[in-house]
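**Q** Listed below, chain by chain, are the residues.
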Amino acid sequence: MQKRVEEHNDKKSVRDLKIGEYGTICCLKDPEMGLKLLEMGCLPGTQVKLNSRAPLGDPITIIVNDYTLSLRLDEAETIMLK
Amino acid sequence: MTVVTQPEIVENPPVAAGNPVARVALVGNPNSGKTSLFNQLTGLNQKVGNFPGVTVDKKTGVCQLSATQKVQIIDLPGTYSLYPKSLDERVIIDLLYDPASQHYPDLVIVTADASNLKRNLLLFTQLADLKIPAILALNMVDVAEKEGVKIDVPALHKGLGVPVIPMNARKGIGIAALKILMSQQLEATPVQFYTLPQELRPLTDTIKARFGLNTDYLALHYAHQYRSLKFLTAEEADWIEALVQTHEFKSNVAQADETIARYTYINELLLDVVRVERVEKDEKFSNRLDQILTHKVFGYLIFLAILFLVFQAIFTWASYPMDLIDQGFASLNGLIQDNFNGPLVNLLTEGIIAGLGGVLVFVPQIAILFAFIAILEETGYMARVTFMMDKIMRKFGLNGKSVVPLISGVACAVPAVMSARTIENWKDRMITIFVTPLMSCSARIPVYTVLIALVVPEKYYFGFLNLQGIVLMGLYLIGFLAAIFSALLLKVLLKARERSYFIMEFPVYKMPRWKNVGITIVEKSKAFVFEAGKVIVAISVILWVLASYGPGNSFEKAEQKAIVEAKQQNLSQTELDNLISSHQLESSYAGVIGRTIEPVIAPLGYNWKIGIALLTSFAAREVFVGTMSTIYSIGEEENVSTIKNKLMMEKDKDGNPYFTPARSFSLMIFYLFAMQCVSTLAVVRRETKSWMWPLAQLIYMSGLAYVMAFITYQLLS
Numbered sequence: 001m002q003k004r005v006e007e008h009n010d011k012k013s014v015r016d017l018k019i020g021e022y023g024t025i026c027c028l029k030d031p032e033m034g035l036k037l038l039e040m041g042c043l044p045g046t047q048v049k050l051n052s053r054a055p056l057g058d059p060i061t062i063i064v065n066d067y068t069l070s071l072r073l074d075e076a077e078t079i080m081l082k
Numbered sequence: 001m002t003v004v005t006q007p008e009i010v011e012n013p014p015v016a017a018g019n020p021v022a023r024v025a026l027v028g029n030p031n032s033g034k035t036s037l038f039n040q041l042t043g044l045n046q047k048v049g050n051f052p053g054v055t056v057d058k059k060t061g062v063c064q065l066s067a068t069q070k071v072q073i074i075d076l077p078g079t080y081s082l083y084p085k086s087l088d089e090r091v092i093i094d095l096l097y098d099p100a101s102q103h104y105p106d107l108v109i110v111t112a113d114a115s116n117l118k119r120n121l122l123l124f125t126q127l128a129d130l131k132i133p134a135i136l137a138l139n140m141v142d143v144a145e146k147e148g149v150k151i152d153v154p155a156l157h158k159g160l161g162v163p164v165i166p167m168n169a170r171k172g173i174g175i176a177a178l179k180i181l182m183s184q185q186l187e188a189t190p191v192q193f194y195t196l197p198q199e200l201r202p203l204t205d206t207i208k209a210r211f212g213l214n215t216d217y218l219a220l221h222y223a224h225q226y227r228s229l230k231f232l233t234a235e236e237a238d239w240i241e242a243l244v245q246t247h248e249f250k251s252n253v254a255q256a257d258e259t260i261a262r263y264t265y266i267n268e269l270l271l272d273v274v275r276v277e278r279v280e281k282d283e284k285f286s287n288r289l290d291q292i293l294t295h296k297v298f299g300y301l302i303f304l305a306i307l308f309l310v311f312q313a314i315f316t317w318a319s320y321p322m323d324l325i326d327q328g329f330a331s332l333n334g335l336i337q338d339n340f341n342g343p344l345v346n347l348l349t350e351g352i353i354a355g356l357g358g359v360l361v362f363v364p365q366i367a368i369l370f371a372f373i374a375i376l377e378e379t380g381y382m383a384r385v386t387f388m389m390d391k392i393m394r395k396f397g398l399n400g401k402s403v404v405p406l407i408s409g410v411a412c413a414v415p416a417v418m419s420a421r422t423i424e425n426w427k428d429r430m431i432t433i434f435v436t437p438l439m440s441c442s443a444r445i446p447v448y449t450v451l452i453a454l455v456v457p458e459k460y461y462f463g464f465l466n467l468q469g470i471v472l473m474g475l476y477l478i479g480f481l482a483a484i485f486s487a488l489l490l491k492v493l494l495k496a497r498e499r500s501y502f503i504m505e506f507p508v509y510k511m512p513r514w515k516n517v518g519i520t521i522v523e524k525s526k527a528f529v530f531e532a533g534k535v536i537v538a539i540s541v542i543l544w545v546l547a548s549y550g551p552g553n554s555f556e557k558a559e560q561k562a563i564v565e566a567k568q569q570n571l572s573q574t575e576l577d578n579l580i581s582s583h584q585l586e587s588s589y590a591g592v593i594g595r596t597i598e599p600v601i602a603p604l605g606y607n608w609k610i611g612i613a614l615l616t617s618f619a620a621r622e623v624f625v626g627t628m629s630t631i632y633s634i635g636e637e638e639n640v641s642t643i644k645n646k647l648m649m650e651k652d653k654d655g656n657p658y659f660t661p662a663r664s665f666s667l668m669i670f671y672l673f674a675m676q677c678v679s680t681l682a683v684v685r686r687e688t689k690s691w692m693w694p695l696a697q698l699i700y701m702s703g704l705a706y707v708m709a710f711i712t713y714q715l716l717s
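Protein chains in written order, with the UniProt record's numbering: chain A, 1 to 82; chain B, 1 to 717.
None of these hints come from the bench; they were simulated from the model.
It is possible that part of the hints are untrue.
As the list claims (entries may be wrong) - Quick list of simulated restraints, FRET-style, between CB atoms:
hint	chain 1	residue 1	chain 2	residue 2	range
1	B	E277	A	E21	48 to 54 Å
2	B	G469	A	Y22	51 to 57 Å
3	B	T449	A	D74	43 to 49 Å
4	B	V276	A	C26	21 to 27 Å
5	A	D74	B	V600	44 to 50 Å
6	A	C27	B	S690	39 to 45 Å
7	B	G703	A	C26	49 to 55 Å
As the list claims (entries may be wrong) - With a straight-line cut-off of 30 Å between C-alpha atoms, the simulated DSSO-like cross-links for lysine-lysine are:
hint	chain 1	residue 1	chain 2	residue 2
8	B	K395	A	K12
9	B	K150	B	K391
10	B	K510	A	K29
11	A	K49	B	K296
12	B	K58	B	K459
13	B	K515	B	K59
14	B	K179	B	K146
15	B	K495	A	K29
16	A	K82	B	K646
17	A	K11	B	K395
18	B	K510	A	K49
19	B	K158	B	K179
20	B	K250	A	K12
21	A	K82	B	K391
22	B	K515	B	K58
23	B	K491	B	K510
24	B	K296	A	K18
25	B	K391	A	K12
26	B	K150	B	K284
27	B	K284	A	K12
28	A	K18	B	K391
29	B	K47	B	K427
30	B	K118	A	K29
31	B	K651	B	K459
32	A	K49	B	K395
33	B	K526	B	K391
34	A	K29	B	K391
35	B	K230	B	K59
36	B	K59	B	K47
37	B	K58	B	K47
38	A	K18	B	K651
39	B	K250	B	K118
40	A	K29	B	K427
Here a beta-carbon is modelled for each residue, glycine too, at the ideal position from N, C-alpha and C.
I would like the entire structure built from these sequences, with the hints used as guidance.
**A** The following block contains the structure:
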């Protein structure tokens, strides 16, 4: 599941979601950060929704497993969507 | 003053056989109500000590289970899993992974947020697989029910194999049941939540045999975390490293597989336990509130308004109790001096009691700031502040949460440095603590005002812009820029010990729990008085000795000289007394040091008289005004205009005014940058648990002060 996706430009990540848009996690790009995200419940196959953006665009909040999680854009970028 | 120095280990007096549980550890996710539960169980019966090497406090408390039974409760930092991501979380594995340790808990209470059970159970299943007897405190059941989440407690109990207590730690519901359970002999759960894959067995079996461990899972953690476990010797760690390499153990992969396996197990378990009827009710309310509170315009305006309120409070409201404390100590001193006499009395009044006063005078500011911070944290607003400010602050190596310490630093660096505690990341917190004292605090104001009044004319532009006010604002701005750019410098210099994450739960808005707010205030004030207070009183006494004694019989000589001069000039008794103290200060050890450092400070434009003021200012900056008035024998009347007039009359050897703009601005710049505050240094030591940081601050800031004052003086003169 920690396959390095080199051509990630073609693939969508949580970063690319619009507010209110849903997506399903396919895999996590950064192995170390992936561990943290897994612990927070961002498992492959889980549905996420982009909930809000900070006034300056970064960080963002997403809804995963019925709770709100905040994270920076660089972190959101590592969560790839199906 | 030696009350809370050691990390208290409450030696449980072996209450015969009726004491099955001696040590209970509280573990849980952040925001799962762990602190509330700890406060409910122990009340004010808490001790704050140190965990070695980390900045998180070790909070222990005694809980009275029944008339004869007591247990010691230890509150561990909130965490999402047993794989620590920050230094502070490592405290947990140090405690739980060494069964041979005398601090190994007999029982863990895992707090879990009922409305978010899935994620909370991850940590529980990890702990359960270590086979430590456990109780699940199912917290916030009422919130969950309001959101339409119904939990079948008997089914959960059956699935987990440990007692489950539904509770509301905020209101104290469920505490009694929890206490009864704690007093019983509990067994570890028979359920195995995660079974190690076969290929890891040879590795874990070898580790298990070598260290005599009783679970495979603990052996697996040794394989993952041998470098972080402090109780392992270097030789033991090397042995594990070699073993891990021969078995080609991939820590990241194994961890990811384990987390996924655990979540799969939990999902199946919860299918029969949790029924969701309505969802996202509270979240919707929080979301609506967020649209205003984190709005592009209103969000910042509201935050600014809150900051203004906090700033006003520390600045204005605190001044009433502070004045009372000041007056109280002054009249106590007066009372003692009127009734007793002798050098010991002077040591007591001018050294110890004055030092104590200098400590206690900060308590109102600390209490008020932490009341606000606790409320902002409790309501969940602080998470929004971090959210709004993170992008800007990150550019300077800071963190969204650095905003509060920096702004509070304008009032006083002491509570400000303490408030940096809310920053989890080590590097961000150290940078914040390091640069906060550069913000111009209220103690610099008297210095600024005297010197500005001396050299800046009272001119108005456009009828309302006061030149003196503009200069004062400029000084604050320089302080802010110095803080920001020092942060930038440290961002480059300092190596991160851990990755900086922003991945965290965004809490829903809640009403603050006033009991927690109250305990925070008491705890912070106590920590300051007892731990920073010791250093402050000690240094105050040393500075008093330096200013009150001189080598040999120099003091008598100074007095004689003053009497002779007074006779020639026909001075009154008060003027004579002032002249005596002025001459005595001149010949004291402080005076001697002032003269010794004169060649060093001469390039900044200072003479030995200013040298003495600089020296005594290390106790606290505001002492500058007092020392100047003593040196220039102005006497007790520390009135700005009297001092100003006296200083204006001071002439250099050519008969020109001594306090030129160059000299005065050089002094202002020096006070702006220099680390002249024992209280701040003591607090930084306490907060960083090391002398390295306060020393680095002292050298950096004072060095910067020297260079900047030098440039100012040379440019202007």
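**Q** Verify the proposed pairing of K284 of chain B with K12 of chain A, using a straight-line Cα cut of 30 Å.
**A** OK: K284 of chain B and K12 of chain A at ~27 Å, within 30 Å.
**Q** Does the structure keep K230 of chain B and K59 of chain B at a Cα separation of 30 Å or less?
**A** holds, 20 Å
**Q** Given a hinted range of 51 to 57 Å, is it respected by the beta-carbon distance of G469 of chain B and Y22 of chain A?
**A** Cβ of G469 of chain B to Cβ of Y22 of chain A: about 55 Å, so the range 51 to 57 Å holds.
**Q** For the range 49 to 55 Å, tell me whether the beta carbons of G703 of chain B and C26 of chain A fit it or not.
**A** holds, 53 Å
**Q** Can the suggested window of 48 to 54 Å be confirmed for the beta-carbon pair E277 of chain B and E21 of chain A?
**A** Since E277 of chain B and E21 of chain A have Cβ atoms about 26 Å apart, the given range 48 to 54 Å is violated.
**Q** Keeping to a limit of 30 Å between CA atoms, is the pair of K150 of chain B and K284 of chain B held or broken?
**A** This hinted pair holds, its Cα atoms lying about 19 Å apart.
**Q** CA of K495 of chain B to CA of K29 of chain A, is that 30 Å or under?
**A** Holds. K495 of chain B to K29 of chain A sits at ~24 Å (cutoff 30 Å).
**Q** For the pair we were handed, K82 of chain A and K391 of chain B, check the Cα-Cα distance against 30 Å.
**A** holds, 28 Å
**Q** Next pair to validate is K391 of chain B with K12 of chain A; report whether the Cα-Cα distance is within 30 Å.
**A** holds, 23 Å
**Q** Please verify whether K58 of chain B and K459 of chain B have alpha carbons no more than 30 Å apart.
**A** violated, 55 Å
**Q** Could you tell me whether the CB distance from C27 of chain A to S690 of chain B stays inside 39 to 45 Å?
**A** Holds: the Cβ-Cβ distance is about 41 Å, inside 39 to 45 Å.
**Q** Taking 30 Å as the top limit, are the C-alpha atoms of K29 of chain A and K391 of chain B close enough?
**A** holds, 23 Å
Checked against the numbered hints given earlier, the structure breaks hints 1, 9, 10, 12, 16, 23, 33 and 38 and satisfies all the rest.
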